[in-house]
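Visitor: Both chains come to you apart, so use the hints to assemble them.
As a plain string of letters, each chain reads:
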Amino acid sequence: MRRLPVYLLLDTSGSMRGERIEAVKNGLQVLVSKLRQDPFALESVWISIITFDREVKQLLPLTALESLQLPEITTPESGPTNMGAALEMLCSKLDAEVAKGSDTQKGDWRPLLFLMTDGKPSDLAAFREVVPKVKSKNLAALVACAAGAEAQDSFLKELTDNVVHLDTADSSTLMSFFKWVSASIGTGNKSVGTTEEIQLPPPPAEVHVII
Amino acid sequence: MTKHDQSFIESLLRHKGNTVRENQQALFEKFIQEEHILQAVQMIIKSQNDIVESWKERSMIDDILQKHITLPNGRVNKAYNFTFDPAALGLQEMGDFDWSIPPELGIAFDEATNTISGIPKQQGEFILSLLFRLKHHPADRAFSEKKIHLVVNPDPKSLWQYLPSDKEDKYWQPDQDAVTLPFGDRKLVIASKRGRSHAHEGKFRDDSFGCDFNTEKGWGIITVADGAGSAKYSRKGAKIACNAAVTSFQELLASDRITVLEEALAAYLGDPNEDNQKKVSVQFIEQLGKLAFIAQGKIKQEAQDNGAEVKDYATTLIFALVKKYAAGYVISSFWVGDGGIGIYQDTTGEAFVMGTPDSGEFAGQTRFLTMSDIFANGAYVNRIRFKVVPDFTALLLMTDGITDPKFQTDANLQKNEVWRELWKDLNGTNEDGAKVNFAGSPAEVQECLLSWLDFWSPGNHDDRTIAILY
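So the sequences go chain by chain: A and B. Counting along the first sequence from 1, when you hit position 91 you're at 91 in this note's numbering, and nothing is skipped either side. Counting along the second sequence from 1, when you hit position 315 you're at 315 in this note's numbering, and nothing is skipped either side.
Just chain B, same shape as in the assembly (with noise of 0.2 Å):
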């Protein structure tokens, strides 16, 4: 018997209410001598610290069975890796562990590694087990069991659905369109389409274009316009903004208005003096606010027969007149709301942007044709601009659905940089390999850009209207 069996003993008949008198000494003594009380005396301490022991081992499993983990969300296709790490995540008394996962999932725990990882293959809320015994648990102990939640996200690719627009609607139109035009000695392409989040909910492609050239005069026009997504007849403010466009450039050409402001370019041309230049700028500040402020006209106009209010229709507007000279191509453009227009020149990689978007505090917000003091005070007179190239690649009118992912902020449109890679990648630079051979036949061209329209850019699912003279 040790020291401390017979303090035990002693504490024992004390807590009892039997103290050993001091003439009892050698009686007890003699007393925890004896084998069977030897033998109770182990029983008792051991069963007391099994207790202890047993206690002790619950409470450090409950403490990992309490632990908040969480396990970053997975998305369906997108590859997912997680190093399970349990000391970081406050797991210090854990032993041996095992996941559990279903192999449906598509990832799996991977030991050598520690990680969970692999390529989720369905979305949902899913329960994962985490098998674990504690340090000092034997290897043939049974596992407690650990119930972690993981989130998979669909792939967004898939959540986009299709759903045709209404065509009885009166201002319906095709929810994809494009033409080619031959444009003197280039040739004009346009392609737009509708973005997934209209084709998602069934909506209407708000977006419009519009060209004409005029061999006679030489004279071409290319307008493209994005329709308010908050308007509910916006695609019809477009529409009838791109159409008045056309149709003033028409009767621009069929007047002698055309034949003053051919002078004025004609003396700018032969010199390009600050007088003559200053001579041409009004002309075209003339002529093309003349067709900017008809566009607005003609959507009041529409508006007013049909009930409506105006910014029913709001659109944007961006439209280029261009024709050739000797000198080089002259080209002039009106830009009111987001998207961009440039003259790109592939040899030197540099860009002409012709003038800034108008961009709000916040995404989406933007001026619009429609609103009314576009035309007060002259304020239109910035959103003109003319230049004269001796050569170019390709001139670009383009909707916010292309600028957006394309260019992302103001100051990018500015930057060659980022016009040579969309130049790139409308030569197949691109995920997808999507290119346009803007060598081939006009229907080829046309084709490819439509499908060149279809790229992906997360956020990005506009309208996407692009026209390109080339």
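Looking at chain A on its own, in the form it has when it is part of the complex (with noise of 0.2 Å):
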């Protein structure tokens, strides 16, 4: 059984305390709600969600999105966004997780990444020695989006090369992300060469691509 490997990588600091959080929790609920309904995805999709603040949590460990129940997601009052450390876990996530093709095992699909962030990596230094860490696990795509005015877009540029823009961070676009998450996610199931990144479809007119 092949697998898409889904992770979610979610700005849980201080400053998503709120609306925005509410709104990523809907954004969620919505994302899991589309996905059921494509029969590609129910078969083959499996997702992982990991918050950052100060603290980096594998709120759900991979799990098929069949038998998926969204955790319950907090923020603390305020503190560091600890990107870098994410990313870390992810890494490691990414290694014990995903199952690798060999002679006797069929591999899973290139895993997808979605990040979220309404600001900026506070360990900007661990988040530079991990980037071309994240870059060599040939993830099938990667997406790095800035939400609100106080997100910046050029440290996710590091990152990676799709990077979206979302103006404001309230509940309708935040909304429309999550509803082009779940619409890239069902293009995952594509036979591709060995490094070329996946198309991702266009985002709607509230997420801007940052070039």
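None of these hints come from the bench; they were simulated from the model. It is possible that part of the hints are untrue.
What the hints assert, rightly or not - Computed footprint of chain B on chain A, listed as stretches where at least three residues anywhere in the stretch have a Cβ under 8 Å from a Cβ of chain B: (1) 42-48; (2) 64-78; (3) 107-120; (4) 170-176.
Stated by the list, open to error - If you anchor each label on the Cβ, the simulated ranges turn out as follows: (5) B:Ser100 <-> A:Asn138: 44 to 54 Å; (6) B:Glu111 <-> A:Asp161: 55 to 65 Å; (7) A:Thr74 <-> B:Phe31: 30 to 40 Å; (8) A:His208 <-> B:Asp110: 51 to 61 Å; (9) B:Ile119 <-> A:Glu77: 41 to 51 Å; (10) B:Ser372 <-> A:Glu77: 54 to 64 Å; (11) B:Asp256 <-> A:Asn138: 40 to 50 Å; (12) B:Asn427 <-> A:Glu22: 57 to 67 Å; (13) A:Arg17 <-> B:Phe143: 29 to 39 Å; (14) A:Glu77 <-> B:Phe31: 57 to 67 Å; (15) A:His208 <-> B:Ser100: 43 to 53 Å.
Here a beta-carbon is modelled for each residue, glycine too, at the ideal position from N, C-alpha and C.
Guide: Below, the structure is given as structure tokens:
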């Protein structure tokens, strides 16, 4: 059985508290519901959620969409945004959870990564150190989303060419981002050459692609 | 009056700033014996106890209400079975309980087995009610209600749509196709179907095939190709590859190159020594390599003519040339990409696989005929095989739409038992009872094979193409 691993890295630092994190939760709910209506996704997609603030937690280990139940997401009052540490955890989870193809084992589809932040990495040294490592993981897509005015695209550009920006991090904009994520996941099931990235669907108007 | 009641009154008076003085002891003794005082004390103590008990109860009920209980997700048409064990879920304080489940869901709670079970009928997110009393509650106490979420996933089979592909497209090809061909003393059938994942989005079938048999020369060719799902014109790439292989094969037969090949072959069949084997190998490598190389060239040409990139036409390619000699069947093949080709003999249950698939670290990764390095530095030599077999049950060429679900791994492709399973499967040993009666007429075999291609395999919904020489 070929799985399509999808990793969601979500900023849960203090600035996300309140409306934003509620919007993210709603977004996740819609993402999961939409994917459940996609027969390919229902049979193939496995999702993991990693949150980062002062602490980095894998709230949801890689779980089949079919049996998935969304975890509780909480945000601290304040504190740093340890994005570098989150990417470090991502790398170890990719190694541990994603099946590589071999003679005796069918490999998973190349994993997809969606990272969302409303700020910038506080652990910049760790962030810069882990970026090449993430890039070497041969992900089928690596999308970073900068949500809101304070989010800084420039750091995310160091991580990936696929950076999208949301002018506001309100619920309707975040919702359209999550809907776009679900559409992007639907395209993951394609035979591709060994290094090519998948083609993402065109994002909705609220989601700006940063060039 | 008990000692307890007496000290209760004393502390009450003290609490309210009144103390019983030394000289009032007799008065106090009398006071506390009075009936209405006695009753009042009983009442106060009872009320206090009621408040405490009430709070304890409220708090216990709330503990149960707050307890996070998850029911495993269900799926429409798939038996659901969940054993409800309150103690294991940390609901030790719960006494009598019952479940209130909307009957239209198709599942119900069975008290005898303590399970929620049934076949879910509706997809969606539902709220079930767990009605309960605390352990010490009498049976006439009203139930408290805890709401619990249940997710019922749709049956994936019901979600696949069948949208026709765009017939106006310049590279359109039918969503399914099949052919039969007399092949000397054998018969050939090829069937190809668009995968559910493509049908769901109204996309094209990217697989293609081709064949020819020259009665005069006794040579035939069979070919299948799988256009890369990620490449926009891959269906055309696959078609060009198959057509080019067949056309070049016809040209080969018309030229004296075939004479040279046949001479080498005759020498080898007469005396299969190492030297003769080398000579015939060289011939096959040269001639089959040429077929594949021309096919690559035709795709490059098409890309150029259309101002597109070669990789837009990315395709795999497998083809086999077959001829019957007195010594047996000579089969030579070329294979780039995934899928598979094997010669299966049912009497021995053995399969000879003519090479290894190209596969990457992750699923869906392979190599394509269109890649520039395929012919670099003689790298294609290993892609060409030849084999002489006295007899065979079937020669099978398949795209990965078949090999992925049927073989799962590259290692399995080399295992006889998996080929035996596949052959049984084709002959009707499967869930749907889809059987290809190879003794039937070619038209019947073709129809049955097309139906067989509809087999269900979760997660495997790619285009499926299979060629069987039987």
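Visitor: Could you work out which of the previously given hints the structure breaks and list their numbers from low to high?
Guide: Numbers 4, 7, in rising order.
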